[in-house]
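Asker: Make the full structure from the sequences, and use the hints.
Chain by chain, the residues run as shown.
2 protein chains.
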Amino acid sequence: MIKGAFELCQAESLDALSMPRLAQHLNVGATSIYWYFKSKDDLLDALTEEAFRRFYAQMPPLEGRRWDDMLREFFTNFRSILQGDDALCDLTIMRFGHYSDTTVLLTWTQIEEILEVLVNSGFSADSATYAYFTLSIYTRGSLSIERGLRAAGMPFTKGHPRAALAAKMPIISSEAETHSFSMVSDDDFQFGIENNIRGLRALLATERKASRASQ
Amino acid sequence: MIKGAFELCQAESLDALSMPRLAQHLNVGATSIYWYFKSKDDLLDALTEEAFRRFYAQMPPLEGRRWDDMLREFFTNFRSILQGDDALCDLTIMRFGHYSDTTVLLTWTQIEEILEVLVNSGFSADSATYAYFTLSIYTRGSLSIERGLRAAGMPFTKGHPRAALAAKMPIISSEAETHSFSMVSDDDFQFGIENNIRGLRALLATERKASRASQ
DNA sequence: ACCTGAACACCGTTCAAGT
DNA sequence: ACCTGAACACCGTTCAAGT
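Residue numbers (our numbering), protein chains in the order written: chain A, 93 to 307; chain B, 93 to 307.
Hints are not guaranteed to be accurate.
Each pair may be met inside one copy or between any two copies, as identical chains are not told apart.
[Stated by the list, open to error] Here are the computed lysine to aspartate or glutamate pairs in the EDC-like style, where the Cα-Cα straight-line distance is at most 16 angstroms:
| no. | residue 1 | residue 2 |
| --- | --- | --- |
| 1 | 95 | 142 |
| 2 | 260 | 208 |
| 3 | 130 | 165 |
Because the hints were derived from the structure by calculation, they are not lab data.
Everything numeric in this text was worked out from a predicted model, so none of it was measured.
Answerer: Below is the structure:
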């Protein structure tokens, strides 16, 4: 049932998933689904849970490197997995506030593991939490915007005709020649992650100084 | 026409905007709208353009302060305006790849102004562009996730019952008492912005050193 | 030029009825 | 326990027809 729903989502898209279409795909009466799920939203919740299971199954384990390498790798993996599977992306990124208990447990377990590395590297528990949230929001923001662009048919990726609009904008005009203005290119993403890591490095330095001073 | 559509969106929500409902709101035949807009998507595009106009009208002008103050203020204003108006938020943040030429022009003008400040402060045009994109993606990510949570009825904002799940997670358990786990609280947002600014400050320092060395 | 109503294909959902 | 089809209220959209 959920497997069939996933097949349909992967083949078409989450938007294309309707009760009649799913029923047809399963060779079953259109309303039979309501015996298993009391509403479409219920189905979607179950689908979201399964999506998270599949997502985490694809995530490689954290390597025992330095905290900055770990963060970089984790969020790069996070992004590339969801970039490669629109159905998974739509279900995990776009469906907030629809996380089942097992999904929350799965996610928190993952977060705890990361926080542990950060705290062991000298971050306070507070800073570690903020750090993870910041990178998580950024990565998800990038993914959801990229997803939106792809769904809309990928307007202006590079060398876009709208460049004409930039006549009186010297900086943008020159940047537009080399820089994709989608805001979500690989380079953009890498800069964002790297910039946050730079910020965290500076924060860590001041936190260490403060903790030494208080001893 | 567009004004009426906005009224309906503000009173209800963007989801509640249907052709029949809008027609009813305008005291007009259900299909009359199709004389002005060839499809609902067309209507939505026009609505998006108007939303951006209203949004930028509310954005206070950039103050002539230091680049970091400017960024902080800009994105804080950005967020608080869209936090206060769900219709505006749905139309501007959620509808990517549906920007009209005048919307793009409006946006680019705004971006150019910010890039100018950054470049004048010593950033390369490339870094300035990356910097803006990073903060923009983060702010939008935060807004869209907050919006999703609100639409879903704001699950676990604080002191949430799910804390029980965190039994074997020492760091999360202790954090959960003081830290909202929504990832999009005011504190979370402020940390994200501040962390990016810290990262940019470090970047600026190395860029300045490099440009001095090459002279 | 502007608006209407009937009509169509699609949706989510309910419910009484079948096995 | 599991599945069905008829039915309902709601969509977006087309089109021939009215003014």
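Asker: From the Cα coordinates, with 16 angstroms as the cut-off, is the pair residue 95 and residue 142 best called within, between, both, or neither?
Answerer: within (9 angstroms within a copy, 42 angstroms between copies)
Asker: If the cutoff is 16 angstroms on CA atoms, where do residue 260 and residue 208 land: within, between, both or neither? Let me know, please.
Answerer: For residue 260 and residue 208, only the inter-copy Cα distance (13 angstroms) is at most 16 angstroms; the intra-copy one is 50 angstroms.
Asker: Classify it for me, residue 130 with residue 165: is the Cα-Cα distance of at most 16 angstroms met within a copy, between copies, both or neither?
Answerer: neither (40 angstroms within a copy, 46 angstroms between copies)
Comparing the model with each numbered hint stated earlier shows that hint 3 is the single one that does not hold.
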